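Residue numbers (full-length UniProt numbering): 1 to 167.
It should be emphasised that the hints constitute simulated quantities derived from the structure, not laboratory data. The structure displayed is predicted, hence computed values, not measured ones. Glycine included, C-beta positions come from ideal geometry on N, C-alpha and C. Do not take every clue at face value.
As the list claims (entries may be wrong) - Now the in silico label distances, taken between C-beta atoms and shown as ranges:
1) Phe146 <-> Asn5: 31 to 41 Å
2) Gly137 <-> Leu70: 33 to 43 Å
3) Lys118 <-> Phe45: 13 to 23 Å
4) Leu12 <-> Leu80: 42 to 52 Å
5) Trp37 <-> Gly128: 21 to 31 Å
6) Asn151 <-> Ser96: 52 to 62 Å
7) Asn5 <-> Glu91: 16 to 26 Å
8) Tyr3 <-> Trp37: 22 to 32 Å
9) Leu4 <-> Leu40: 44 to 54 Å
10) Ser96 <-> Leu12: 25 to 35 Å
11) Asn160 <-> Val49: 44 to 54 Å
12) Glu82 <-> Asp159: 24 to 34 Å
13) Leu40 <-> Thr157: 49 to 59 Å
Stated by the list, open to error - DSS-like, lysine-lysine: derived pairs with alpha carbons at most 30 Å apart:
14) Lys59 <-> Lys122
15) Lys145 <-> Lys59
16) Lys122 <-> Lys108
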Amino acid sequence: MNYLNIEEKKLLPVVLELNVLLADYNLYYQKLRGFHWNILGKNFFDLHVKFEELYNDAKTKIDEIAERILTLQHHPASRLQEYLKLSDIEEVSSSSMKDTEMIEELLKDHVKILTQMKVILKHSEEAGDEGTIDMIGAYIRELEKFSWMLNAWSKSTSDNLDTSLIK
Numbered sequence: 001m002n003y004l005n006i007e008e009k010k011l012l013p014v015v016l017e018l019n020v021l022l023a024d025y026n027l028y029y030q031k032l033r034g035f036h037w038n039i040l041g042k043n044f045f046d047l048h049v050k051f052e053e054l055y056n057d058a059k060t061k062i063d064e065i066a067e068r069i070l071t072l073q074h075h076p077a078s079r080l081q082e083y084l085k086l087s088d089i090e091e092v093s094s095s096s097m098k099d100t101e102m103i104e105e106l107l108k109d110h111v112k113i114l115t116q117m118k119v120i121l122k123h124s125e126e127a128g129d130e131g132t133i134d135m136i137g138a139y140i141r142e143l144e145k146f147s148w149m150l151n152a153w154s155k156s157t158s159d160n161l162d163t164s165l166i167k
């Protein structure tokens, strides 16, 4: 039954790209867990809590993405082997990373995930898939905010943002 009222052939690219995003989020989630477990130094308390917040957010998104794929009447990828093949997110050994390297790594992952989300938006718009557009739009907003916060954390207190537009 086509309760979505969307052509199946138009949905296939959406589903394929959602599976890539699902893989991205699974690898990102595990990286965050590793950072949470292995953070050391003066920023331990701040980053330990922030990494937990981020991996809890990722865990929620993993479930929502998989359920969206199911809503589109397809099975989501669910094996680690598939995730490693589909994703551009790279595994790292967090036990030897400094806090600044962890943040830098997450910001690189955010670029990859945001790029993937924009690919999904393009296909969703072509398919007329408003449900996926709505979900991914919210994800973009949230990930951009997390990126801003992590980027701000990595700056020096003497750094400034662009003030050229302020009169």
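A quick look at each hint next to the structure:
no. : hint                         : in the structure
1   : Phe146 <-> Asn5: 31 to 41 Å  : 34 Å, holds
2   : Gly137 <-> Leu70: 33 to 43 Å : 20 Å, violated
3   : Lys118 <-> Phe45: 13 to 23 Å : 35 Å, violated
4   : Leu12 <-> Leu80: 42 to 52 Å  : 24 Å, violated
5   : Trp37 <-> Gly128: 21 to 31 Å : 43 Å, violated
6   : Asn151 <-> Ser96: 52 to 62 Å : 23 Å, violated
7   : Asn5 <-> Glu91: 16 to 26 Å   : 40 Å, violated
8   : Tyr3 <-> Trp37: 22 to 32 Å   : 43 Å, violated
9   : Leu4 <-> Leu40: 44 to 54 Å   : 48 Å, holds
10  : Ser96 <-> Leu12: 25 to 35 Å  : 42 Å, violated
11  : Asn160 <-> Val49: 44 to 54 Å : 27 Å, violated
12  : Glu82 <-> Asp159: 24 to 34 Å : 41 Å, violated
13  : Leu40 <-> Thr157: 49 to 59 Å : 22 Å, violated
14  : Lys59 <-> Lys122             : 24 Å, holds
15  : Lys145 <-> Lys59             : 18 Å, holds
16  : Lys122 <-> Lys108            : 22 Å, holds
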